Each structure stands twice: as structure tokens, then as C-alpha cells.
Amino acid sequence: MRSPRALANDLSSVAGKAPPIAEETDVLVIGAGVSGVAAALTAARAGARVMLIDENPVDFKSMAEEIPLHFGGRMSASLQNRNAALERVLEANPSLAEAFEAGIEVRLGTACFGLFPKHASAAWMEVPAAGLVDADHAYLVRYKQVIVAAGRRDMGLAFEGWQLPGVMGAHAAHRLSVLYDALDAKRAVLVGSDNQALEIANVLAVRNVQIEAIVEQAGEVRGSSEMLERLEARGTRFYPGHVVAKAQGDLQGVTRLVLVKVDAQGRHMPGGTVELACDTVLLGVAAIPAIELLEAAGCCVRYEAARGGHVPRLDEFQRTSVEGVHAVGDCAGIWDSKNGGDEIPAREGRIAANAALRALGREVASHDEAVLPPEPTRDSAASRLAWVSASVLNATADPLVCQCEEVNAADILNLRPPRYVPLPEPRPNVAPSNPQHSALCASPDLVKRLTRAGMGGCQGRRCREQVGALLALGSGRELCKVPHATYRAPVRPLPLSQLAALPESPAMDEHWDSWFGMPSQWIPFWRVPPTYTVANRGEDEAARE
Amino acid sequence: MSGKDRCGAEVIIVGGGVTGLSAGWWLAREGIDTLVLEAGPIGWGASGRNGGGCTHHHSPLFQEEQRLWPQMDALLGYPTEFRADRVRIARTEHQFKLYRRALENGLTQGFHTDVLDPKQVRELVPYAGDDIHGGYYYHFGGHANPHRTVQAYAWAFADHGGRLVEHTPALSFKTLGDRVIGVLTNRGTFVCDQLVIAAGPSTGRLAAQLGINVPMRCARAEMIVTEPLPLMKIGGVDGNGLYGRQTLRGNLAYGGGPHEWVDLYEPHEARAHSTILQASLARRLAELLPKASHARVIRSWAGFIENTPDGRPIIDRAENPLNVVVATLSSVGFGLSPASGRAVRDLVVDRICSFAQLSTLGLARFAALEPDWAAMQGWLPVAAAAGR
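So the protein lines, in turn, are chains A and B.
The first sequence begins at 9 in this note's numbering and counts up by one.
The second sequence begins at 63 in this note's numbering and counts up by one.
Honestly, the hints are just simulated from the structure, not real lab data.
Since the model is a prediction, treat every value here as computed from it, not as a measurement.
Even glycine gets a Cβ: it sits at the ideal position worked out from N, Cα and C.
Hints are supplied without guarantee of correctness; some may be wrong.
As the list claims (entries may be wrong) - Here are the in silico distance ranges between beta carbons for each label pair:
{"hint": "1", "chain 1": "A", "residue 1": "G484", "chain 2": "B", "residue 2": "A445", "range": "18 to 26 Å"}
{"hint": "2", "chain 1": "B", "residue 1": "H156", "chain 2": "A", "residue 2": "R366", "range": "46 to 54 Å"}
{"hint": "3", "chain 1": "B", "residue 1": "H156", "chain 2": "A", "residue 2": "P511", "range": "18 to 26 Å"}
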């Protein structure tokens, strides 16, 4: 028999099983937009090893599955030629050439599916690492500092027929048109009229997309009237006090949109419909900071109206609550004056890079003033709630809020199990009898558990903000008081086969057990000895799980 | 003391996980005034997210587990998504030998298992591959949806008049003589006649405040979930070092592999982070079901879970104080919950379990446990283990 001391390693635990990591960088920058490139150049020019990744060109299949943006199937077929897409991305973003020249390791078509910093209760990885994935394979890169510039996505908004091809995010359309020159849209209707949406509409208009109409639930334009006028001069009609009642079309997508007039409470007014011919609907209700990578990495996140929604809590150096993780650009907050040009995102990038450099022990002089958003002039939360109220809650057709899992607003508010669940006989009240347990006090995570809203293949990208808004509306809570649903890696859907190919330490396989690897746990009760001590514990291998 | 006092109950259960909620439901359905205090939202720990397996053939609660699961939807009045039977696939002779234990334990207790050759496995499991050593079809056990089951317990408990108070951690206890008379929380004191501590990883720390030694350590474990795939005939398919199932929705939800010992004072307040272990899980799932290896992983889960020194549950009455029942299921609580809740009910009401012999789940077995048992077993956080 072995002595107790010899038992002092738990071979079934993670200890000593850290995976081999082939690549290493001082500063990893995720996202090659304005802020990411500024961060990468600043760090590289100070002598740090920098890796800059950007997920564009996104592969066609992911785009078709609405990852990472709601592309609505409006990618032109040219995008299936990956080399052409790559060339196009390089052409559209001249700053990438500058990054190459500065000696930065630039990887395009490369997404980060997870950041794995060390945490007190997740320490076995030994070093912080990022999980990256390109068209062919997934791999790990060790980083010392990471700057996340993951950008934004569009808030989804349900109405009857919004699952048709051609209904897409406004920013997704912008990305397809400007970055890829591959937007398959001729006549579009924009839903929403804040500055972000109007700016996109103006860009698309000069790129040969006829903006037929702009629909706004509020009684007036939310963004700049000057931007609206520019569109109106091109023939765009503006429909304040309207929402989309339904989109109609065929397999190719939307052909017609029916608008309905709403009153100040968002109630549909009888007879107040407008019909529009179009092939594309641009959802521009709200631009959402893309925080999934940061939140999943454990960064503290909160709703900040001035930053346009849920964002990581940042200090004046763009540092998040997790050591070595910084956020810049749209994922650090979206507001009008920041949106207007490159100055603020670039400054955020430089500030974060300098903070990263200091953390690496380099002396850097920084003259940039910290970036702080101004007090918001408009209540973006109220606008989101008004949209969801008018378009989703008050809709006669009960549109699906979560397309992947087919969940509508009533299901969410009543915590109704999904339709595939056979209910026992006699059929119970699925809405619980105790009002304390209704969705009115529920969190989005509870909604996910019980209704599956947000649990589908698009990873909640299209329904997340709508669910939050529905819970706020249902309970009378302020939107900022409704907790956000958590994110988990992989934040990009990843085939088992790709994830499976990541190398692991030999010890991982040698001592793999399906549970804790404790023989005593599985001894049948009729053979269990009356007392347990470590000294007399059995080492019966056959009793492992 | 009035049992219907809104600031207390005849029985207070500390812990709104699957064990505490089941116990609460068993008590409430007899009209016993019961209150469940939960530190966070109910079922937020490993109760709501786990492999969903209901096949604990080694446990004294097995017979009752098997008897109850097929009735649970009807008894609770809410769906649990329970599905009977389980298939386990062995890719190696070693696995084939390990998985035979269920056959033997089942047989001893009157449950049947078919041994499957590779061809039979492939017929039952369309996503299985070519490198199969063999398999088993257990005509017992099965799986249910943890999220839905936790909520079903909670709603059924409330339907019977049980009261549930969430986001209210027990801070300490008020005792009088040999009895606990109240639970102190940030919302005031809740008085009780009987106390059940079923607080998962916090059970040891809470029990210690009453002088009850419940040895346990907490670890972090992980799972992965894929997008939905067309349904297999049997959802309860695992093996190759993994536990898990195809959910009724079609997702593959699997876990297994190494755990990380952690040292947390308040596990419910800490976030359990997913790590790159998800890649090792994906590797083994792709080996288990190679024809599903194109399926995309869309999320992962990590959680904190407790284990006693021998990994077996503790369901016992403390010697002192006289009115306390301790229940920790030591990381295998979900499937056993219909039976464990009933056992707790029996210990609270009748002082003895009416349907199973619980001696192997008693506190007394640890009477001679070494004080440094955790270190001796290597159950230390990574940093501490590295520093040895």
C-alpha cells in the first residue's frame, strides 16, 4: 500500500494540464477598425510585438448564418470567392497597409472566439491566451495585453415576416457595401432614425441603394434633421409615428413592407397603413456595442446610457476590470460625437496601447486626454422600449422575437416552455400560479433557461436587446435595471471538429475521467465500508467513472 | 411559535438548488409550512446546468430514483423533459470494462442491460462512428432537462403553498439550547422549527457555524453545447469519457474531464469561467459522435460544485443541534433529486428514511477522517498545489 503522502496529487484535476501554446505576442489587438489600428500602431511603434486580427473577410457560410452581424442573406455571390473578398477588405482599409509596414503581425479572416485570462478560480491555463479561428483552423495565442476593438452590431426588432431574407441590420448592410462592395440591395427601407442609422443610410444612398423610406416610431426624427433632409432630397420619404406591421415576400426575400401608424403609446391605429415596395429592410433602431468577448472574459459590464447600452466598466486608460484586457472603439461605447469621425476612436486606441505598454514595463509619454462620453441628450433606453412596445408587444401577429428558437413576446413574458416540450396531462397552467415567479421579475438568463429565447445558433445576437426591453416593459423596471444575459465562449459558433483540433497536453488524455476520477464515489452502496479515511481509501481503478 | 409566521416557517431549507427545492416540494405537498432561502436565483449553480443524467445505479437512492422519474411530470404538474433509458458507447476496451459496472449494479438491483456490438451501436446512434469497441443499452435511467426541472420543482413547491425567497443568503443561525430557532439574513431573521442545509458548495461553511463538521471542497467543472441537430432515437447517449445527452431540442450537451479545485468563500457570488477545456471536450465529443463533428459549439458552461472526501452524498440528521438535516449530494445531485428530496422529507418529519438505507450517506463515516484530508488527496487550488 502506498503512503498517504504519495496520494498528494489529484491526477484527475486540471493541475499540470495546460495546453501547449505555439504563438506569443506582447499586445493582441482584436479588430482592425479605426481604434484597433490606432492601438496596434501605437504599441508597435513603441517597440512591442503586436498581433492585429480582424475577422473580415468573414466566411460566406457564417454570414449566411447571421454571424457576426445580421446580414439577412444580402451578400452578393461574389463573396464566395475568398481571395477576392480578402483583396477587397485590404483595399477598403488602407490603414492595414500601414500596419503591415509597422511590422505588425496582421491576420485577416481571423476571429477571436474566446479570451481566457487567468482568474483566481480558473488558473490552470498558466498564461492568458486567446482562442483564434480562421477559415481552416482554431488555435491559441498567448498574449500579455489584449485590446479589444470588436465594434458594434445592430439591435434586432421583430415584426411579422422579419425572418425573410432582406431584413438585415443597418450596420451589416454598411459592412457589406463599404468593406466588401457586395451588398445585394437596390431599394431599402430604413427602420429607425438616430444618427447612426441616418449616417449609414446616407452612405448607402451614394452607393446606389435607393433609400425608399425611413420609418420612426417616434413623432419626429431622432437624429440630425440635416441628415434626414439630405436623404429626402434623394427621394426618401419619412414616416414618423409608424412601425412595420409586416414584411411580405418570397423565397428571394422581401418585396413589400406594410407600415402602420402608431399613437404616442405605440398602439396601432386602425386604417393607418402604408404599403411600400422594397427588397431590403435595414434595422437601424439601435447600434449595440459588441461586448460579447469582453463579457465572456469576465469583464464587469453595466448599462451606461451615455455609452449606448451595456459596456464594460472602463477606467481613464480604457482598462476593463480584468487585468490586461482593454476595450476601445464602438465596443467601449457608442455616442454621436464619437461616431462622427475618427478622432475619438483613434484616441481610445492610443490610450489603451499606452496603458498596455506601461503594463509591459515600457516608459511611454502620452498626451491624450481621457475619453469620456458627454451626458446623453436623448434617452436611448426609452427609444428601445418604445420600439419594442410598438413593433413587438403591440403587434397583432405575435412575431417571433427569437427566430432560432421560435419564441414570441407572450412566450417570454409568460415564461412558456418551448413548443417541443410535451406538457403533461392534465395540462397545467404553464404560466405559474404564483405571480412572484412570473417573468415580471425575471432576468434574461431565466428567460433563456425557460423559454430558450437567445439560446439558438445566432447566439442571441438578434433577440437579446428585445428580450431585455420586454422584461423592462413587462415589469415596469427601467431598462438599465434589467440585468444583461451572460455570454460564454465560444462567442463565434465553432464546429466541434475545429475546436477538437486544438492541441492538448499528453497529461490531459492520460488522466481523463468523465467525472472527478474518485473511485470511492462509484462503489455500490452495498459494498461501501463503514468509515472513510484517506489512508484506507481504495484505489480500485475499475471503479472510476 | 406560529408556523404560518411570514417571517419564518416550520421548516426552513437553506439552498434553492435541486435538492433543497425537491425537499421543499415533498414537505409542502403534505401541507408542511416550508420556506426555501436561496442566496441567488434558484438552481443557478450545478442544479440548473449539468448532464441531466438520472442513472445512479451505485446509490442507495437508485430504486427510488428509477421509480419516481417517469412520474415526475405528472407529480409536479410541470414538464421536466424526462426521457427513459441510456446508451453508453465505449471506444476502447478500457472504457468497455468501466461502463460494464452499470450493467452489474443494475442487474444486482433487478434492472436489465443489453450489451451492444459496434453495428448495434451504429443502428441506435446515427452519429456514431466506425471506431467503436462496443456499447451498452441500459433499460433504466435516462435524462431530464435541468433548467426545466429546477423550475418545475419551484413552481410545484409554490403551488402547494411553499414560499421561496431568492437573493437572500443565510448569514448565520440563531440557536437556543440544542436547537436552531432562526436563520439570519440580510432581510432579517427567519424563525424555524426545523432546519435543512442543502446549500451545495456552501453547505460545509454553513454547517460549521452550528458546530457540524461537513467535510467538502469545491471545484469548477465545464460543459459544452452545440447547435441543435436532428433528434436521435435515444437522446441519452454518452461514453468516451463524457457524460451528457442530446437534449429534446436537439443540442448536444456534454461535459467531463478534469475539474479545478477552488477556494471560494461565497461560490454563489463568484463567476465560474469557461476555459479552453472546451476544446478537449469538443475533441472527445467529435470522437464519440463523429458524424456530428460538423455541429457548431454555440456556448459553454462552467460551474462550481462540491464534493465530500469520498464523493458520496451526505443526507443525515446532525447529532447536535437536534433539529438540523444536512444534505449535500456531492456533485451527483440532479438525477437523484426526486429521491433525495423525499429522503430529506423523511428525516425532517420521521427522523428516519422510509424507503432506503442511508447509513452509507451518514456523517459518521468521516469520524476518523484526517484533518488535512483535502491536501492529502491533492484537492488544492492550482496555485496552492504548484507551491507545494
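- Task: Take the C-beta atom of G484/A and the C-beta atom of A445/B, compute their distance, and say whether it sits inside 18 to 26 Å.
- Result: 46 Å, violated
- In this structure, is the beta-carbon distance linking H156/B and R366/A contained in 46 to 54 Å? Since the Cβ atoms of H156/B and R366/A sit about 52 Å apart, the hinted range of 46 to 54 Å holds.
- Message: Tell me if the beta carbons of H156/B and P511/A are separated by a distance inside 18 to 26 Å.
- Response: At 23 Å between Cβs, range holds.
In this structure, the one hint that does not hold is number 1.
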